[in-house]
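**Q** Here are the chains, one letter per residue:
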Amino acid sequence: MPEIQTKTTRTILARIAGLFCFQRADRDLQDEMEEHLRLLTDRNIARGMSSQDAAASARRDFGSTTLLQQRHRESRAFLFLSDLWRDALFGVRMLLKRPGSTAAIVVALALGIGMNVCVFTFVNALLLRPPTAVRSPGQLREVWQTSGHASGLGHYMPFTYPDYVYFRDHAHSFSGLVAFGDTEAVLWNRAGQGDVIRGGFVSGNFFSVAGVDLPLGRAFTQNDDQPGNPRPLVILNNSFWRGRLSADPFVIGKTMLLNGIGFTVIGVAPPGFTGFVTGDVADFWTPLSMVERTLHDPGRLNSRFSSWLITEGRLAPGVTSGTALAEARVLSRELATAHPDTNKDYDAALFTLAPLPGPVRGYVTAFTGLLLTVFMLVLAIACANAAGLMMVIATGRAREMAIRSALGAGRGRLIRQLTMESVLLSLLAGCAAIALAAGTSRALLGLIPANLPITVDVPLDIRVLVFTFAVAILTGIVFGALPAMRGTRIDPVHVLKEELQSGGYRRSRLRFAMITSQVAVCALLLFGAVLCVRSLLNANSINPGFEIHNIATAELDPGSLGYSNDKVTAFYRDLALRMRAVPGVASVSFVSHLPLAASRQQSPVLPQGSKLPRDSALLVDVFRVAPGYFSTMGVPMLRGRDFTQGEFDSNAPAVVINDTLAARMWPGQDPIGRRLTLGDDKFLSEVIGVVRTGKYRTLGELPLPALFTPVMTPRRVIVVRTLAQPGLALDAIRRETQAVDPNMAATQLETIAEFMSFPLFPARTTGLLLGAAGILALLLTWIGLFGVISASVSQRTREIGVRMAMGATQADVLRLILRQGLALTASGLAIGMVGALTAARLLTVLLYGIRPDDPVTAIGVVIGLAASTLLACYLPARRAARVSPTAALRYE
Amino acid sequence: MGEKKSDVLQGTLDLMVLKTLHVLGPLHGFGIARRIEQLSEDVLQLNEGTVYTSLLRLQQQGFITSAWGASENNRKARFYSVTRRGLKQLLQETEDWERFAGVVERVLNLQREG
Chain X
190 MPEIQTKTTR TILARIAGLF CFQRADRDLQ DEMEEHLRLL TDRNIARGMS SQDAAASARR
250 DFGSTTLLQQ RHRESRAFLF LSDLWRDALF GVRMLLKRPG STAAIVVALA LGIGMNVCVF
310 TFVNALLLRP PTAVRSPGQL REVWQTSGHA SGLGHYMPFT YPDYVYFRDH AHSFSGLVAF
370 GDTEAVLWNR AGQGDVIRGG FVSGNFFSVA GVDLPLGRAF TQNDDQPGNP RPLVILNNSF
430 WRGRLSADPF VIGKTMLLNG IGFTVIGVAP PGFTGFVTGD VADFWTPLSM VERTLHDPGR
490 LNSRFSSWLI TEGRLAPGVT SGTALAEARV LSRELATAHP DTNKDYDAAL FTLAPLPGPV
550 RGYVTAFTGL LLTVFMLVLA IACANAAGLM MVIATGRARE MAIRSALGAG RGRLIRQLTM
610 ESVLLSLLAG CAAIALAAGT SRALLGLIPA NLPITVDVPL DIRVLVFTFA VAILTGIVFG
670 ALPAMRGTRI DPVHVLKEEL QSGGYRRSRL RFAMITSQVA VCALLLFGAV LCVRSLLNAN
730 SINPGFEIHN IATAELDPGS LGYSNDKVTA FYRDLALRMR AVPGVASVSF VSHLPLAASR
790 QQSPVLPQGS KLPRDSALLV DVFRVAPGYF STMGVPMLRG RDFTQGEFDS NAPAVVINDT
850 LAARMWPGQD PIGRRLTLGD DKFLSEVIGV VRTGKYRTLG ELPLPALFTP VMTPRRVIVV
910 RTLAQPGLAL DAIRRETQAV DPNMAATQLE TIAEFMSFPL FPARTTGLLL GAAGILALLL
970 TWIGLFGVIS ASVSQRTREI GVRMAMGATQ ADVLRLILRQ GLALTASGLA IGMVGALTAA
1030 RLLTVLLYGI RPDDPVTAIG VVIGLAASTL LACYLPARRA ARVSPTAALR YE
Chain U
21 MGEKKSDVLQ GTLDLMVLKT LHVLGPLHGF GIARRIEQLS EDVLQLNEGT VYTSLLRLQQ
81 QGFITSAWGA SENNRKARFY SVTRRGLKQL LQETEDWERF AGVVERVLNL QREG
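So the protein lines, in turn, are chains X and U.
Here my numbering is used: position 433 in the first sequence is 622, and no number is missing along the way.
Here my numbering is used: position 82 in the second sequence is 102, and no number is missing along the way.
Heads up, a few of these hints could be off.
Label pairs and their in silico Cβ distance ranges [claimed, not checked]:
id : chain 1 : residue 1 : chain 2 : residue 2 : range
1  : X       : 652       : U       : 59        : 36 to 44 Å
2  : U       : 59        : X       : 242       : 43 to 51 Å
3  : U       : 32        : X       : 662       : 49 to 57 Å
4  : X       : 216       : U       : 124       : 41 to 49 Å
5  : U       : 85        : X       : 699       : 52 to 60 Å
6  : X       : 317       : U       : 124       : 28 to 36 Å
Quick caveat, the hints were computed from the structure, so don't treat them as lab data.
Every residue, glycine too, gets a C-beta built ideally from N, C-alpha and C.
This is chain X alone, in the form it adopts within the complex (with noise of 0.2 Å):
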């Protein structure tokens, strides 16, 4: 076997040779042959002939010459190949010949291919370009521990430090592992200027194992991350070392103030190295044990509770992942084993090195793949468009055919020449396509929501381009095969005497089934699109339970400057006071964190006298808040009162609740009065007022049970309510928190309504591009049924002029015509709706406030599209009905 495969490599390589040195070796081959002739007559001479006859019999003996050059050309390179470019050559005239019908074909082909090259950049951004800069990226594999008792994302459990030093020191399957926490903001005091950026802590082997060179200073060693003894050191971002430090390069050994603490420069990193996995991007990183004195979180690293690290291992030599697999899952066992009240049913799990970590892959996968189906059937719609273009074409060019086949071309011949015409164009339409994609793509950054601290770079990278050419080229094949094998099977004798198309029935037959199936597949995009875009208008006018209009937010964090408790309520007051101040704000509060964001707090919650047990009790969402939050935020109080000023001063045992819990907890009785527990607390806490039932988490929740304390934590979110204008507002909070403080910086100022593109997120995504797709398919089958229906209406021109001249009104053919097209639509629109309404099912979770069998949708879009086919149909038919009976029979 190997070596047939070898014999077979050989002769293409001579073969590829071959094709270089063509003349040279017909040369060559002519002065053997001749040589050998002239050998031969000798001998023949020799034997007692004639030389006349010497020479006839040799050539006899030797067969044809000019045959054999021929058979050795063949062999000697791949002539397919050189045919294929005389094919292409050939090709690039007759698309010039047609301008009209080569733009059309592209335009829609590049629409098609472009909206998938689109979704596929994302594939490629988030799941499969490896890490810039990091060496070898193929023998590092993402260690993720496995909690028995949930499911979903929270199956997979981030490692606690103490969990990680202990796979570090025991795993031998991998020849360093490290460990790297998501990025943190971090106060960078800059010659008295507070400015926030982000920090990344990493283990001290993180740069080593990565295998990445710093073009300046050195790297973190195992030193330099003691738990016992944390330096405080960084490395820089190689594109924050470049945009905020102007590539000093004398950087080393400098300090910066970051979180009051002076962390001294050891390292810039080389351009583009942005860590192991990206979106977060870090502007510097610092070892893990630096975490502690950083956050102000002491404990962190010794807790066995905190689950923060992502960890990474390079496969040691020899190692397979089975292997390594196993290892990590006999450590994880050990640990639940040693800590089972942390640690119980644990497992492990290995990922291999991608863009995203691992646990999330499944749904963007998911997710993209279920956008890749759907553009691929617009794809689909536009190829059928295509086909049924290339076949009007050739029905024009079955002359052409004729007379090419008389003169010997094969038919195999043929149909490489038109293939390789289709080709053509959707190769034209694949760069076209690239073009589409790299607008669309930048589009749809922007639709990510500033508040997510998620850097996506979308590169046309080769792994695109591949993609792009690979679906380019099969979809030329695809639409072009059919036409060309319809177009080339031809009787040469019987086109050419008769100079007649004959009557195309057949072909007619494959392009109303083609129509049939556009419809189809049409009515499913089409559906999908229309509940989609239904959803996203639903998530839109689903009221949040605050006003989203008017408000400025901002979140500040003077914990982060190791500030006493005294300091930080200073700081808050003396801010309300100062924004009270400003022109045009109505009103100042603070919240721990805002509904429909992406952090939240929950907490048990038991009313007084309940004999249920502790872990039983209600789990309850808790925000936060500060005096005035309830009206800053619009929402309504619907009994009782808010909290006072002294009450939060006092962190006073008071709760306001919303009436979901009220009704839980009390059914059918005031709740203003009662005592609660909640969470730890030994006191019980009196609700002193109820507010309606706003959403917490996502907007298509159900109602949820809802809590709010006025015991508050140094980081809050400043609510700021303005008359008017509250993009102004933020410029105010900015200022106003470096008045109060220089040292502070705010982060994530939005207006209340740019923060709800984050919640809104998902509904717009899939909205925004089912819907385009939706609209696509509507606009490319509305082009194919007008094309077909047109061109069968002039295939019929004669049959109308004879019906006519037989006493058909114009409304008899009016109607002929048009019963024709809705036939073809009726069944379509059939198939399609079953398969919408089963396929519709896939959508459930994205949707918002309407379900995936919704009547009035699939009723509308049958209504809607049988319409707009009908339209499709009527400009040809009326075009047949003014047919003059007279100029149609004269007609040939």
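Based on the hints, put chain U in the right spot on chain X.
**A** Chain U in isolation, oriented as in the chain X frame:
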């Protein structure tokens, strides 16, 4: 059917060319044709040109190499010789051929007995 026949012939011709070159050493196309003519005793009727097709094939597979030299009447001619790969291939194919021929013979004998 016709294709099958020429396939067998093609492989056989390659084998004969290889064997000839192995036994007689470097030879030009004319020489190979003469030798095969001599041995086949007119059983094998082939255009001498096909020898060159066979030579090209063998060369592409790396079983023979060629070099320019002078022919009997002192003109430029290409001489072919077997490579080490070719020798290995020759041994392998000879063995295959003999096994194949043996099988065919046995089958034919069996028919005669039956």
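**Q** Give a verdict on every hint.
**A** Hints versus structure:
For residue 652 of chain X and residue 59 of chain U, the Cβ-Cβ distance of about 59 Å falls outside the hinted range of 36 to 44 Å, so the restraint is violated. For residue 59 of chain U and residue 242 of chain X, the hinted distance range of 43 to 51 Å is not satisfied, since their beta carbons lie about 26 Å from each other. Taking 49 to 57 Å as the suggested C-beta distance range, the pair residue 32 of chain U and residue 662 of chain X does not conform, at roughly 41 Å. At about 43 Å, the beta-carbon gap between residue 216 of chain X and residue 124 of chain U stays in the expected band of 41 to 49 Å.
Judged by the Cβ atoms, the range 52 to 60 Å given for residue 85 of chain U and residue 699 of chain X holds: they are separated by roughly 55 Å. Distance hint for residue 317 of chain X and residue 124 of chain U: a CB-CB separation of about 56 Å, inconsistent with the stated range 28 to 36 Å.
The earlier numbered hints that this structure contradicts are 1, 2, 3, 6.
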